[in-house]
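So the protein sequences, as listed, match chains P and Z.
Read in order, the letters of the first sequence are residues 476 to 693 in this note's numbering.
Read in order, the letters of the second sequence are residues 66 to 346 in this note's numbering.
Be a bit skeptical, because a hint or two may be false.
[To be verified] Distance condition first, Cα-Cα at most 25 Å in a straight line; then the derived DMTMM-like pairs of lysine to aspartate or glutamate:
| no. | chain 1 | residue 1 | chain 2 | residue 2 |
| --- | --- | --- | --- | --- |
| 1 | Z | Lys227 | Z | Asp203 |
| 2 | Z | Lys283 | Z | Asp231 |
| 3 | Z | Lys254 | P | Glu549 |
| 4 | P | Lys543 | Z | Asp258 |
| 5 | Z | Lys254 | Z | Asp318 |
| 6 | P | Lys668 | Z | Asp248 |
| 7 | P | Lys553 | Z | Asp318 |
| 8 | P | Lys553 | Z | Glu152 |
| 9 | P | Lys553 | Z | Glu148 |
| 10 | P | Lys543 | Z | Glu152 |
| 11 | P | Lys543 | Z | Asp318 |
| 12 | P | Lys553 | Z | Glu173 |
Quick caveat, the hints were computed from the structure, so don't treat them as lab data.
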Amino acid sequence: MADPHKPRAPFAPWDRRELPGLFDVEESARRIGNYKWAEMKLFEALGGWVATVPELDVKMRLGTHCYKHAWHSELWHKRLPELREMNPERLTQPANEAMVRFVEALTEPEAPELTIEKLVGVYRVFIPHFISAYTFHKNNTSQITDAPTIRSLNFILQDEFDDWRDGEMLIQSLIETADEVDRAAAHQATLEKLMLEAGGIAGHGSIGGATSPSVTAY
Amino acid sequence: MRTFFPVEDLARDDRFNQITMRDRMGDARSVLTSGEAAGKRNNNRLTPSRKDASDAARGLMHGIFVGEIQALEGAGRTCFDFETGTEAPFALKLDMARQAWDEARHVEISIMLSNWMGTEIGQYAENTVLFEAACSSDPVLRLAGVNRALEGLAIDVFTTMKEFGDLAGDPYLEFCEDWMLADEVTHVKMGSDWLRRLTEHDPERRKKALEFQGVVDKLFSYGGTRSDSEESPIGLARRFRELAGFSDVEVEDIAAVSREALDERKAAVARMQAAATLAGA
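Produce the entire structure from the sequences given, and follow the hints as far as they go.
Below, the structure is given as structure tokens:
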């Protein structure tokens, strides 16, 4: 056994984490407030839709996914005070006005014949944008100073990928005609344009590029 | 999508046949049958020794299945219908989302158990009264009507079905009912906790909620389906109700309402029998 008193390097050779990160505390909190707002809107919509879809398998899946997104919003709610935001509601906001319009358009379908539209909005538009915003955050925040956020992102991303796969398989199983392919594509395009305007879950700069003014590199 | 979704619009596939409480109350057939129709038995509790045990258990399981669907829909709607903060606390909505997941699992379990018992989806009618109780415009009334009254009934039903599985030598049924029972105790406790928290400084609102719960309890005691008496198919699970946050007084109140409903139904059956005798004379 090695001498226990012999000095060892504080970081093991296999520990390649880095200190620099793209977000300061304030920017991280802002993004997390946007995530919480969006996850809340998603779990509310999924819950509301359960009664409106006649397909039993879809009904059960929406109920299951409703909880997952509620749990994500809870994780973000708990993270906000750790980022110096003692009033989490203050930052629980949509990224911008276009994001509000996106959610309104997402939740518009109600009729029992519109299950494809409901699922397309969630699993082909909203959740893919969550995955990209979360992935950008995970890969660009400080791996040491923001480790608690990264831990939550890892849990949440696992859920998002699982749910995206569930939803995509449901959509593929529901689409049986060329007209339905067109319906799905048209609804996706409508929502995607609104999301483009919004710039993503956390607004413009959700996945880099046009960064918001408070984003600085260290 | 609208807030406050009407019961008439609940979405179902073609296998389902929905009826209202009015339809059910107008049905001449009853859970509590006369001595002759029930094969001269004076014990109506759902046990394997009953001549109609298999069919009664299958019917009850289908009732559980559709009840779980409506409970899922009700919990989901509470997530959507109320604005967070101003109309319903964030934490309450998180609880309702959790309940939606639990109810979704219960639907899955009920489908598998129904299949195990030889029942097809839609073989029995679906009474939509559970969702009706989930349509109140006040979230506290929903919690009182659904989480405390109806989920409380679910505690009684699952306890009876668990015992049925045990007596019938069906560990599969007993195992599943035990797991669902654990969830239901959690849901009722959730309802009890939120009712107390949200009405702590509003006695009038609490009174209204408890009155609504009483109405739902009475509605579901219709025909003496559930009571302490062995004449009722479903017993009152006092111990699990205690765990779920019911006080002794509350349990006694439900027992009294159930007993009253049983007596009312027996009197109605006696009147019908007397009228039939007179008509035949």
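query: Any of the earlier hints contradicted here, and which numbers?
result: 1, 2, 6, 7, 11 and 12
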